[in-house]
Structures are given as C-alpha cells and as structure tokens.
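Chains Z and R are the protein sequences, given in the same order.
256 is the number that the working numbering gives to position 256 of the first sequence; each next residue is one higher, with no gaps.
So the number in the working numbering is just where the residue sits in the second sequence, counting from 1, plus 1000.
Misleading hints may appear alongside valid ones.
[Claimed, not checked] EDC-like, lysine to aspartate or glutamate: derived pairs with alpha carbons at most 16 Å apart:
no.: 1; chain 1: R; residue 1: Lys1087; chain 2: R; residue 2: Asp1045
no.: 2; chain 1: Z; residue 1: Lys150; chain 2: Z; residue 2: Glu193
no.: 3; chain 1: R; residue 1: Lys1087; chain 2: R; residue 2: Asp1014
no.: 4; chain 1: Z; residue 1: Lys419; chain 2: R; residue 2: Glu1104
no.: 5; chain 1: Z; residue 1: Lys420; chain 2: R; residue 2: Asp1014
no.: 6; chain 1: R; residue 1: Lys1063; chain 2: Z; residue 2: Glu168
no.: 7; chain 1: Z; residue 1: Lys150; chain 2: Z; residue 2: Glu168
no.: 8; chain 1: Z; residue 1: Lys419; chain 2: R; residue 2: Glu1037
no.: 9; chain 1: R; residue 1: Lys1087; chain 2: R; residue 2: Glu1060
no.: 10; chain 1: Z; residue 1: Lys118; chain 2: Z; residue 2: Glu258
no.: 11; chain 1: R; residue 1: Lys1063; chain 2: Z; residue 2: Glu258
no.: 12; chain 1: Z; residue 1: Lys36; chain 2: Z; residue 2: Asp459
no.: 13; chain 1: Z; residue 1: Lys36; chain 2: Z; residue 2: Glu312
no.: 14; chain 1: R; residue 1: Lys1090; chain 2: R; residue 2: Glu1104
no.: 15; chain 1: Z; residue 1: Lys21; chain 2: Z; residue 2: Asp34
[Said to hold, decoys possible] Okay, the calculated beta carbon distance ranges per label pair:
no.: 16; chain 1: R; residue 1: Ala1054; chain 2: Z; residue 2: Gly23; range: 48 to 56 Å
no.: 17; chain 1: R; residue 1: Arg1058; chain 2: Z; residue 2: Ser166; range: 33 to 41 Å
no.: 18; chain 1: Z; residue 1: Pro428; chain 2: R; residue 2: Ala1054; range: 53 to 61 Å
no.: 19; chain 1: R; residue 1: Gly1097; chain 2: Z; residue 2: Pro180; range: 23 to 31 Å
no.: 20; chain 1: Z; residue 1: Arg16; chain 2: R; residue 2: Glu1130; range: 24 to 32 Å
no.: 21; chain 1: R; residue 1: Gly1097; chain 2: Z; residue 2: Ser35; range: 46 to 54 Å
These are calculated hints, taken from the structure and not from any lab test.
Glycine included, every Cβ here is placed at the ideal spot set by N, Cα and C.
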Amino acid sequence: MARETDIFLEQVDPWRWRIPKTGPMRTDGLIFADSKLIQAVRGDESLRQVANVATLPGIVGSSLAMPDVHSGYGFPIGGVAAFDVDHGVISPGGVGYDINCGVRLLRSGLDRKDVEKKISALVDALFRNIPSGVGSRRKDLKLGHKDMEKLLRNGVQWAVEEGFGSAEDLAHIEAGGCIPGADPEAVSERAVERGHTQVGTLGSGNHFVEIGFVETVFDAEAASAFGLEQGQATLTIHTGSRGLGHQVCEEYIRVMAEASRRSGIELPDPQLCCAPLDSPEGRRYLAAMACAANFAFVNRQMITHWAREAFEEVFGLSSDEIQLGLVYDVCHNIAKIETHNVEGRQVRVCVHRKGATRAFPPGHPEIPPDYRAVGQPVLIPGDMGRCSYVLVGTDRAAQESFASTCHGAGRLMSRHQAKKAARGRSIPRELEKRGILVRGASMGTLVEEIPEAYKDVEDVVQVVHEAGISRKVARLRPLGVIKG
Amino acid sequence: MGGEGPIRGVRVVDHGGDAGIEACGRSLGELFERAAEGLTRLVTDPRKIRRKLAKEIRIEGEKTEDLLVQWLSELLYHFETQGLLFKRFKILGIGQGRLEAVAEGEPFDEGRHIIRSLVKAPTYHGLRVEQRDGLWRARIVFDL
C-alpha cells in the first residue's frame, strides 16, 4: 500500500504529534508516540486512516491514535474517536470484526516458584481444558436456543447463574460483563449459528491464555488495590467474540454502506461506512454490537472457569487455596456511550475504541468500589516472548483522550514477513530457552506471533506513561502460553 | 509491500498486520474463482485438499464488490461451521446482483491439513473490482 508522504505531521511535544485539520477533515488528528514509534507509522497507512476518521460527521475532539497504532481497514488499529450522540455517527468498522476482543487478568495465591515447578503440566492441562484451533469445542457444553438468547442479552450474568463464575467476577469486568441495550433480535440467525459452537473457545491469531508472574511493581498503592504483589503468579486471557462478532460486523457494514449513501455521508474509504447514532440502523447496530460484546465477555468467563479447573487439577488444591481471582476484564474493540468533559462542557458521546482500552480516572463511578480510589486497571498484553503491563487510568486521559489508552504492543511485521523471519527456526525451542513454554494448536499461526513481529510493548507503555494518559502499575513476565 | 508471486491469476499481498489478495481473470466469473483460490491459499495448502464433496452456493448482492465480499464470506462460513476447505471453484452464473457457484473440497482433517492463517472476514477497505486491458481485477484485504 502507498507510503504516507502526503500527510503533514507536526510535533507537539516529545509524546504527541498533530495532523492539522485540512481538506474534508472536521478536526485535527492527534497521535501519541515518541520519535521512534512515529517512524514505524510513517511507513504505513495509519496516518491517512487517522485523517480519514477525522472527516466523519459529528466527531468531537481530535481523531486519536495510540502509540501501538498500525494500519487497519477504515479505522486504524489503535484509533479512538468520539461522536456526539445527537449529531454523530456509529461505524461498525470503527469497532472491528472481533467485537469486544479484550483481555482479562487473574491474580492467584500461588507464587512464581509454585507454577514454575509444574509449568509443563499446567500448560498441558490448560491446552486440554480450553478449546483452541479449528473446530475445537467442549463437548460437555450444550447450549440451547434459549441459552444463547440469555447469554447475548445478559452477558456474564448468564454464566454466573449457570455456575461458571461468581458475583465477585461480575463486579470486576468492564460494564459488569454486560453492555446495556443488547437485543438478540438484532442478531441474525447465521451469526448465532456461528457463535453457538464457539462459546468458551480461544480462537486463533493473536489470542492466548498465558501463565505469568508479577516481575516488577511500579506503583505500590495501585498494585495493592488490585491485589497484585511481586513474585505472584498470574493468568491472562485474550480473546473476543469469535464468528458471532465477525458475522455481526460484516452484516452491519452492508447495512451501513446503504445508510451512508442515503444520508449523503461522503466516505474516504467504504470500510468507514456509518449511520447517525440516532437512526434505526445506528440503534440496531448498537443493540447487535452489545450482544456480540456480551458473547465475548462470556467467552472469557468460560475460559476462566476451565482455567481454574486446570489449576485445581494440577495442584490438587481447592479453588479457595488457589485463589484465581479476577483483577479486571477490559474491552479493546468497542463503541461505548459515555459522558466526557469537552472544553468545559459535559457531552454525551459514543467513543469508538478500535484497538484501544478505556482508562477511567480515580473516582469514576463505573470503577469497582475496591479500585475507585486509584483508578481503573488497564491490561496491556505484549508479545508472547517479552512482557505485559498493568496500568491505571488517569485524570489526564479523561481530559485528553476520552479516557482511552493503548491496547498492546502493535504489529510491526505483516504475518507473511513474520513467517519468513521464522523460517528454519524452532520458535517453541527459542521461547523455552527464554523460560517460556508455549503450546499452539497450529504451528502456522504460532510463527505469525514471533516476538519480533511486534513493537516492544515497553516503548508503547513508556509513551502513554510519559504522556500521562495512564500510569505504570506492574510488569508481568510470561512462563507458559497456549495459543489457538 | 511483500507478495508471494503470481499463482494462476492470484497473489497474496501484505497489508499492515493483515493480508490481502490480488486476483485477475478473463471474465468476472474467472476473477471470482481465482479470488476464492487466493483465500484458500491464505488459510491452508490447497494441494492437500481432496475434492470429496461439492457445495452449491447462491449469493445476492447489489454491487459487484458486495458479491465478491459475500462470496468469500460464504466460503469462510462453511469452513467455520462445518470445517469445509475448498480447492476448486466453478462460477455457474454471475450478474444482475446474483451469483451461483459450486465449490469442491473436503472437511478439515487435523492430520493432513495445515492451517496457515485463520481469516476472520473479507473487508471493504480499498476494495475495487474493475476491468482493465481486457482483464477483470480485484484487490481485497482480509481481517486476520
């Protein structure tokens, strides 16, 4: 694709770059990056995509990009854009195909040495218990049509009622594990059919379950509030809404293409198709998106349940002894109706986070009471060979980025380049030498995920920390990973 | 921009972290057949697929671009819900917002088939179907 030579970029400070409003843009673009990370995006389509998003009707504030930004289709991956609920639009492409792809982190009562001793058995047990790869599913999970309807409408509440979690879990999920306004009637039969056999499955690509430990604590107060301490074993789960979400996105993109034409919205890229939030198409998409998001929350909850069983089985201990408690669960592909302060005014907006994480500041009412004094936990997985971060939301994020921050390391290489770089190497053996045991359902997809295919998450996190849109709390190191 | 070289009128191209295909054909039908082969090449090694069954596919879509997206999406749907991998495609009819085709292949077999990439969906990003120099051409980016 074309190199970005035609986008004018000015540096604001060491951590911010602006694309001044020009031509059909309704607002500026603002990219959080240092001089190293900005080089990575100059060579791809990201900047053009940030500028394209700035042309959409009803955009409030700047069209934003986080330091892990890379080329997407329509919206950039790592993009954030807020639209006025009365005059703005909703775009399925601004949420993406994997609706509510997200991350959850569990703490444990075990320490690094406990899990290191049993890492091989643990990775095997997780791999056995959690379906991953093509067509893999739990034969013991049989869901009827009514179950699917309840799951889509009520999210994790359904899973808790069915015995796959606790009230304690529910309290520590973004939006309480259920996006309001979910209406299964807005989801096609085909989407439900695709999702039906995929409840509690990992999927493929960059999705994973990872056993790790807290290597460093940067912020003792926040870490203590989140129940994290140095040397403690952790579990991270990264997956989304699987085929159900993909189908919802695809179908509504077709609906929105037509709606955009009818509303006379000029689109620089057909994938940006959208409809007014206050329109039948806009409302129906939000109702369907909420169902897909609820599916994704449930997906991560089921995997959590089976991961807990795997730990109990391997250690021969009860759940009370292992204490795999949920720290938090965040969405990173979602559109949310939120109230933000824009130039001194409280404004209701629909915040699109496409590869970005919500980062509410201390005191925000949507943060669970036990974390409210310190801020919302933000979970940033790195690549499978380096590290992951726990951050916390800040007032600066609330003022500047619609309470949003980065979501991961961000790809540097295409999948094809990664495969080429991995040719002739044994990736599992290389990782084992670094003390990380990895099991993947498919070697083909595993090699796409080699550590050097990603930006260094340390660089990405440093930018959001220095820019002040979130703050470092702890760094986690991986010990064992299962990949789809 | 990387690529794996032209193979029978279709090549796989990089797109950021994702991938796309560029296909061409002497007719619109042939273009669609090549595009489907490109999708299969992204997912698996087509040489390992046997032609054990045939699936009839019917699609409706307003524009040619919609038809192409829905055609590829339909193939992914059969893979995801029934594990079907296809290697040979025959477009029986295309035009007036309709497509009729037959796809031949077999169910995924863990022992024999490798998975190269799991494709989530074909996207509309930069999508073009056009006739140039007597050839139909398309470029389509997938979300992986």
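These are the hints, each one checked on the structure:
1. Lys1087/R / Asp1045/R: holds, 9 Å
2. Lys150/Z / Glu193/Z: With a Cα-Cα distance of about 15 Å, the restraint between lysine 150/Z and glutamate 193/Z holds, given a limit of 16 Å.
3. Lys1087/R / Asp1014/R: violated, 22 Å
4. Lys419/Z / Glu1104/R: Given that 16 Å is the threshold and the Cα spacing comes to 28 Å, the pair is violated.
5. Lys420/Z / Asp1014/R: Holds, at about 12 Å.
6. Lys1063/R / Glu168/Z: violated, 50 Å
7. Lys150/Z / Glu168/Z: violated, 20 Å
8. Lys419/Z / Glu1037/R: violated, 20 Å
9. Lys1087/R / Glu1060/R: violated, 22 Å
10. Lys118/Z / Glu258/Z: Judged against 16 Å, a Cα distance of about 55 Å means the pair is violated.
11. Lys1063/R / Glu258/Z: This hinted pair holds, its Cα atoms lying about 11 Å apart.
12. Lys36/Z / Asp459/Z: holds, 9 Å
13. Lys36/Z / Glu312/Z: Distance ~44 Å between lysine 36/Z and glutamate 312/Z Cα, so the pair is violated.
14. Lys1090/R / Glu1104/R: holds, 9 Å
15. Lys21/Z / Asp34/Z: Cα-Cα ~21 Å, so violated.
16. Ala1054/R / Gly23/Z: 48 to 56 Å: Between alanine 1054/R and glycine 23/Z, where Cβ atoms are some 51 Å apart, the hint holds.
17. Arg1058/R / Ser166/Z: 33 to 41 Å: violated, 47 Å
18. Pro428/Z / Ala1054/R: 53 to 61 Å: violated, 39 Å
19. Gly1097/R / Pro180/Z: 23 to 31 Å: Given about 37 Å between the Cβ atoms, the range is violated.
20. Arg16/Z / Glu1130/R: 24 to 32 Å: For glutamate 1130/R against arginine 16/Z, whose Cβ atoms are near 40 Å apart, the range 24 to 32 Å is violated.
21. Gly1097/R / Ser35/Z: 46 to 54 Å: holds, 51 Å
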